[in-house]
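Required output: the full structure, derived from the provided sequences and hints.
So you can see what is in the structure, the chains are spelled out below.
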Amino acid sequence: MEIDADAPHSMGTTIIGVTYNGGVVLGADSRTSTGVYVANRASDKITQLTDNVYVCRSGSAADSQIVSDYVRYFLHQHTIQLGQPATVKVAANLVRLLAYNNKNMLQTGLIVGGWDKYEGGKIYGIPLGGTIIEQPFAIGGSGSSYLYGFFDQAWKEGMTKDEAEQLVVKAVSLAIARDGASGGVVRTVIINSEGVTRNFYPGDKLPLWYEELEPQFSLLDIPSSPGPEPMNI
Amino acid sequence: YPYVTGTSVVGVKYKDGILMASDMGASYGSTLRYKSVERMKPIGKHSLLGASGEISDFQEILRYLDELILYDNMWDDGNSLGPKEVHSYLTRVMYNRRNKFNPLWNSLVLGGVKNGKKYLGTVSMIGVHFEDNHVATGFGNHLARPILREEWREDLSYEDGVKLLEKCMRVLLYRDRSAVNKIQIAKITEEGVSISKPYSLRTFWEFNAFRNPTVGAEGSW
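Protein chains in written order, with the numbering used here: chain L, 1 to 233; chain E, 1 to 221.
These aren't lab readings, by the way, just hints derived from the structure by calculation.
This structure is a prediction, so every number in the text was calculated from the model and none was measured.
Glycine residues also receive a C-beta, built at the ideal position from the N, C-alpha and C atoms.
Honestly, I wouldn't trust all of these hints.
Stated by the list, open to error - Now the stretches of chain E that chain L is said to cover, found in silico as 3 or more residues with beta-carbon under 8 Å:
#1 2-8
#2 48-57
To be verified - In silico DSS-like pairs for lysine-lysine, Cα to Cα no more than 27 Å straight-line:
#3 E:Lys182 <-> E:Lys167
#4 L:Lys89 <-> E:Lys197
#5 L:Lys103 <-> E:Lys41
#6 L:Lys156 <-> E:Lys182
#7 E:Lys15 <-> E:Lys182
#8 E:Lys182 <-> E:Lys45
Pasting the structure below:
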C-alpha cells in the first residue's frame, strides 16, 4: 500500500477532560497519523498553556499546535499585565476567539482544562466551529464516538482524584481498542490547587478488553502448544 | 457551514406577554452531542432571544447584543432598547452578513414586552424577517405552526399557553431527529424575563397499533 507522505498530519485521537472535587484530570492517547501511517506513536497531545491551564489537542496536528502556541503567547502577556495567574475561563475564551474567527481554515477540536483560585477545576470543550461549552466532563477526537455511551453510564458527580484518573485511563484505553486512529500510550495530566502531575500508562500496561489476548514473548514460550498443526484440506 | 447546531425554537404571544420554548440540545452532525445548552437568553430588560442553527454564531450574536445593550446603558438616558429595536438590529446584522456571502448560520426568534406592547418576531440567516402572533424555526415551521394556527387564540392564559407549547415540543420530540428531551419555557411580561428550569416531557407509546403493528398484515412494518 502506498504511503502518502504528503497527507496532512492528523491526530485521529481520543481526548478527555474530567472535573473532580478539587481539580481536573486531562487524558489523551498518543497516536499521530499521516494517512494510514503512524507518524508518531508516542506524541504528547496534552499541551501546557500556563502553569495551571492545559489543553488537549485533536484534529489537524498543525492547526492545533499553532492555536496553542498563539494562546500560550497571549496568556503569557496577559499574566504579566494582570500580575497573577490567568483563569481557565480566559484561556478557554482566547482559544475560542482563534477557533471562531478562523473557522473556515482550522480543523481542530480542543478541550481546555485547568484550575484557578476563583472557580476551582473547570473543563471547556471547543469543538469545530468555535463554540465554547463549559462541561463537567468533555470528550473529543475520533475515538470519542465510542465513549458517549460509556460516559453516560460511568460518569458521577464528586469523584475523588484517583477515581477520576482511573475513569480517564479506562476510557482512553477502551477507545484505543476500537478506534484505528487512536493508539499508543495513555497520558494523563492532573491539575489542582497543589499543582500539576503528569502520568504515563504504556500500551502494555493497559487493561485488556474483549477479543484481546495477553501478550506473550514468543510462541516458543507457550508450554502446551506443540506448534501449528498442518491444515487439513 | 454549521458544525454544532440547535434545533427548533417556538414562540407565542399570550395574554400577559410572550412565551417561548426550546430544547437544550446541540447536535454535531447526527450525534446528539451536548444536552444542556441554553438556546434562549434574555437581552436587556425587555427581550428574549432564542436561536437555532450554529451555536458558535449564536454565542457571537450574544456578544454583539451585549455590546449594544452596554452602549445603550451608558447613554444613561432613561430609555432602554426594546424588542422592536433589537429585532431591527439583528435583521441588519444578518442581512449584511448574507450579502457578504458569510452568513451567521442561525434562525432567531426575538420576543419581548415594552410599555405594554407585546412583540414577537423572527429573523433567518438570509435576513428574512417578520413578526407574528406565533413563530417557529427549523422543524417547528413544519410541525408546530400548523398546530398553532389551529389552536392559538388572542388572550391565551399562561397555563393554556404553556400547554400549547408543550404540545408543540412533544410533537417535535417525536418527529425531529435532532430533538432532545430536556426543554425550557421562557416567559416575558412587562415585569421582566424569566426562563424556567430544564425539565422533560412525558411521551406516550401505548397505542395498540404500536404494540402490534403487523396484525392483519404479516410482514409489513
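Inset, instruction - Output the numbers, in ascending order, of every earlier hint that fails for this structure. - result: none
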